[in-house]
Every structure is written in C-alpha cells, then in structure tokens.
Amino acid sequence: MNGEIVQNLKLLSPELVLVFFLVVLFTVDSIWEQTRKNFVPLALVFAACLLGTIATCWVSKLAPTVFFSGLVANDSFSAFFRYVFLFSCAAGTYLAFGSKELEKQNRMEFSLLIVCVTFGMCLMAISTHLLMLYIGIETVSILSFVMAGFKSEDLRASEASFKYFIFGAFASALMLYGFSLIYGLTGSLQYGEIAQYVQANLGNMPYLLPLSLILVYSGLAYKISAFPMHFWTPDVYEGSPTPVASFFSVGPKAAGFAAILRFFLDILSYDAASGSWKAIGGEQLVSVVAIISAITMTVGNLSAIGQNSVKRMLAYSSIAHVGYMLMGILTLDTFGLGAILFYIIAYCAMNFGAFWVVSIVADLKGSDRLDAFRGLGWSMPVLGVTMVIFLASLAGIPMFSGFIGKMLIFGAIVKTPGLLWLAVLGVLNSVVSLYYYAKILRELWLEGREPGNPSELSIYHGVALVGLAIPTVVLGLWFAPVIHFVERSIATIL
Amino acid sequence: MSFLDWATGLHGYLFVGTILATLGIIAVVYRRNSIGVLLGIELLLNAASINFISFSKFRTAAIDGQIFALFIIIIAAAEAAVALAIILRLYRLRETIDAGEANLMRN
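Chains Y and P, in that order, give the protein sequences.
With the numbering used here applied, the first sequence corresponds to residues 192 to 685, in that order.
With the numbering used here applied, the second sequence corresponds to residues 579 to 685, in that order.
If you are wondering where the hints come from, they were derived from the structure by calculation, not from laboratory data.
Take the hints with a grain of salt, since some may be wrong.
To list a few chain P residues with every Cβ distance to chain Y over 12 angstroms, as calculated [said to hold, decoys possible]:
1. MET579
2. THR586
3. GLY590
4. SER612
5. ALA661
6. GLU679
Stretch-level coverage of chain P by chain Y, calculated; a stretch enters the list once three of its residues show a Cβ under 8 angstroms from a Cβ in chain Y [stated by the list, open to error]:
7. 642 to 652
8. 662 to 673
Pair ranges (Cβ atoms, derived) [unchecked claim]:
9. P:GLN644 - Y:VAL657: 49 to 57 angstroms
10. Y:ASN499 - P:ASP676: 26 to 34 angstroms
11. Y:PHE422 - P:ILE597: 40 to 48 angstroms
12. P:ARG670 - Y:GLN198: 31 to 39 angstroms
13. Y:ILE222 - P:ASN681: 41 to 49 angstroms
14. Y:GLU195 - P:ALA639: 47 to 55 angstroms
15. Y:LYS295 - P:TYR669: 22 to 30 angstroms
Treat the numbers as computed from the prediction; the structure is a model and nothing was measured.
Yeah, the Cβ is synthetic: ideal placement off N, Cα and C, and Gly gets one too.
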C-alpha cells in the first residue's frame, strides 16, 4: 500500500514541485523581508517552472495511467498542458515584474498567487474525477479573483475582481449542481465509470443528462470564456492589471480547454474509430457545439471592431479565438483535436506577445487607448516589428503560427461532413479580425510620429518580445514536428 | 406511500435541493445587493451538497458523495472569505455594494 502511494506520488511530481516552491516562497517571504522588493521571487518562480518542466519531461516518459483510485491521470495529454501552464506562469511573472502596474512591495504576493494558480491549472488538466476537477477549478477561480483586483486602490481593478467573482462563483455553482445530478444519475464521480454507465443506459435519461451537461458546460465555458458565459471577459481584462490579464487570457483558458476535452471526450464520445458523438436525448451534440462555436467567434470579432481600448479589443479577440478552437472539438479525431492543442501553443506565444506590447505602452503613456500607440513603431522598432508579427499571427496571415493553427482547424472542419458552413464562417471571421488588428498597426507605423521625447525599449522587455516572436515565426514555417507532438499528446485520451 | 415516507426518502431531499437551487438562481439574477448575490450562490452550493449527500445515502451507498459535500463546505468558506474582502473594498472605494452600479467599463 505504502509503496503504491510513493509510486503514485512520483507521477504527481510536477505538482509537488510547485507546492514545494510555494512553501519556499512563503518561508523566504517571512524570514527575509527585502525579497518583497527585489527579483528573488522571480528567480524562485523561474526555478519552480524549470524544475516543473523537467519533472513533467520525466513523468511523461512513463506509461500512461489513471492513479490515486481514479482521481488523476498521467499521460502525454497532461504533460502537454503542464508545459503550457508552466510556460505561462513563468512568462506572466516575468511580465509582472517589469510592469509598473504592480507595486514593488507586492511582488512576493503576486508570485505566491501565480504559482498556486498554476498548481490549480495542473489539477484541472490531470483530473479524471469530478471532485478533483472541482477542486482544481475552484483553486484557479478563487485565486484569480484576488489577482484581478491586485491594484488595491484602483476602482476599475476592484470592479474587475467583483465581476470576475460574481460570474465565476455563479458559473461554478451551476457546474457543481450539474455534477451532483451526474452523480445521482450514474452513481459515480469517476469519468471512466460515468462513461460506462452512459454507454450502457443510452436513451434512458432523456432530460436529466442533457440538463446536467448544460450545467457543467456553463461552468467550463466560463473558464474559456465561450458563449454564453463570455460577458465577464472584456470588463475583467480591461480592469485588471495588464500582466494579470495576459496571464488570464492564456493559462486558465488552456486549463479550461484541458478540462472540457477530458470531460466531454471521456463521457460523450464513442471510441475514436467510429469518430462520432454519443447522442443524448435524441439530440446530436455536434450541431449544438457548432452553433456555440459560431456565435462565440462572431460575437468576439464583431464586438472587437468598435473598441478604442486595445486591451478591451484583445479581450474580445481572445473570445473569438476560443470560437475557432471550439471548432476543433467537432471533428472528434486526432487531426482536429490535435489542431486545438497546436492552436493553444501558437495562441500562447502570440497573445502573450500582444498583451506584452499593450503593457509596455500602458506603462509608458499611462493609457491603452489606440492613440497611445501612435508612432511608437518608429521610436521603438523592436516593439513595432514584434507587434506586427503578433498581430499578423493573431489575424492568421500566412508565414506565422496563427495561420498554421487556423489552417489545421479549418482543414479538419472541411473534412467533417455537414460543417462546411462553419469553416466558411471561420474564414469570414478571420477577415473581420484582420480589420481591427490592422487598426493597431496603422497607429503604430502609419500615423506619423508623436512629437516629444523619443522613448526607448528596455532590454528586459526587448528580450521577452523577441523571445515570444521567435516561436510565432518559427512555428509558422517549421511546424511538422510540433504537429506530430500534439497528435501524440491527444492520442492518449481518445 | 405516505407523505412521511416520501418526505424522508430520496425524493424529499431532492425536492428541497431543487427548491434551494431555484431560489439561489433567482437571488443571483434578481438581487441588486452584492451580499444578496453571494447568498444566492451559497444557496446553490448547498443545494448541490444536499443532492450529493442524498444520492450518496439512497442511490450509491458509497461515501464519495458525502466527502464531496465536505469539500463543497470548505471551498464555499474560502470563496466567501475572498468575496467578502472584494465587496468590502468595493464599498470602501465607492460607498455602495449595489451590483448594478459596477459599470465603469462599458463600450
């Protein structure tokens, strides 16, 4: 028994590394007060992410198992998402330490929160049990409320955290009610057992299963900000500090996708060979997801057009990207689902980059309005050029990673019978998004220089921007190994 | 089946749970006061707890539903602590906890 627990704990080592560094951060904070203001917390977070990555590498080599009596799974799907979370944790902390929006004496608290959120996201990605999923989601949510309101004397930040809380707590309470119905219906909390029961009793539960799935979806849709739970996104991103918003737009969103994929694929898909969804209550799930995806991306893109605040615009654009990613779920094969994972990698780099530029400009000019960007391309060429790369990639222009992501997803959709309209809508949406991304680029380069003293980009930020631009370009040209990697990752849960 | 049997069986508990959940949703949607919204969310969580415990007793005869209810209580407490801190700060900055007045950010 003891040997088994030790064996299982080994598989959990990336999470244990994060917990260990959480304790270290607490200890360092209490015995050495100076660290609240210097870069020691950053070094510790980096160490945590590095060691976590090494641990993930190590456990991903082991055979895929579901352990701790069915609570969590260790497979290459978990490993993939752990990499994404650790990367976004490191990048988010790095950005926060260079931003003026976070006061220096709060650095230690920020590091503690972000490491703990990362731990919660890892739990979301590895859980194969409703209780574990709930604990993971709440760990992420509750700490995110705090992070959103990090500027304590700022009314907008307080409002952002308030809205985040109202939506988040309501969504997860609905989800919990859905969990309780699923438990009553199937008599189990473990995904595998639920799936077996659903398989055996298909058609016997015409109303309750769809109802509980809708409730569960509402909780998970809140995490990825998909329709109809997307209303909080623009307000929260606009009000919270930019580094925090950039982290929210990548980390918890990827975690939400991990949870959605695991939950719905485990419970509702036939085996991958037949490549179709289980019908629940006579309804095919495909049309529902297709409509959700269509509405999500259209609402995101159309609302983004009229925005004057770039942060708000990027918030709406992040909703639109969720719409594109949801398309991949419909195909139910390694190609389409792998495309989602590829898109997450590409989105991670390009969206972080775009938010990073907004953060730098907001620190410099004290505003994230469009006119704050005027002529900055000429005075800070590195910032200007990398922003072109990020926005072109977000818009899906060839040669950049976003294009490959979109191409994979649309390609998978076109092959799925009856969904051609969705692919066409997706392409039209990309065209719309090009318009508002181009507005930012026009301000950066084409509107002439703003008179006044020229501003310089610090090396601290320059390194990061280039570091994020490189994968955005490289993934657009040299993508075959990455596609191979994501398809191997997704294959373990199909 | 007498009313007492019905009320002390699975259906009675589920009935209470459903009413609590409905009241919770109504409170979240219609209350303007932030504390009222928070209470609505707590009602929803408790409805889920009741469901878990009654299913655990009458449906599965396993302990996992009751354990889930314990976790819900713990997490609800953590959530309420953070929520009250957020509401308190909003009150300090603006002297109202009306949810409808949190409208600084609009298009």
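Hints, one by one, checked against the model:
1. MET579: Per Cβ check, P:MET579 is outside 12 angstroms of chain Y; nearest 20 angstroms; holds.
2. THR586: holds, 17 angstroms
3. GLY590: holds, 14 angstroms
4. SER612: violated, 7 angstroms
5. ALA661: violated, 5 angstroms
6. GLU679: violated, 9 angstroms
7. 642 to 652: That given contact holds, which follows from 6 residues of the stretch 642 to 652 of chain P lying within Cβ reach (below 8 angstroms) of chain Y.
8. 662 to 673: Per the Cβ count (6), the hint holds.
9. P:GLN644 - Y:VAL657: 49 to 57 angstroms: holds, 54 angstroms
10. Y:ASN499 - P:ASP676: 26 to 34 angstroms: holds, 27 angstroms
11. Y:PHE422 - P:ILE597: 40 to 48 angstroms: violated, 27 angstroms
12. P:ARG670 - Y:GLN198: 31 to 39 angstroms: violated, 51 angstroms
13. Y:ILE222 - P:ASN681: 41 to 49 angstroms: holds, 44 angstroms
14. Y:GLU195 - P:ALA639: 47 to 55 angstroms: Once the Cβ atoms are compared, 26 angstroms apart, the range 47 to 55 angstroms for P:ALA639 and Y:GLU195 is violated.
15. Y:LYS295 - P:TYR669: 22 to 30 angstroms: Roughly 27 angstroms apart at Cβ, these two residues keep to the hinted range, so it holds.
Checked against the numbered hints above, the structure violates hints 4, 5, 6, 11, 12 and 14; every other hint is satisfied.
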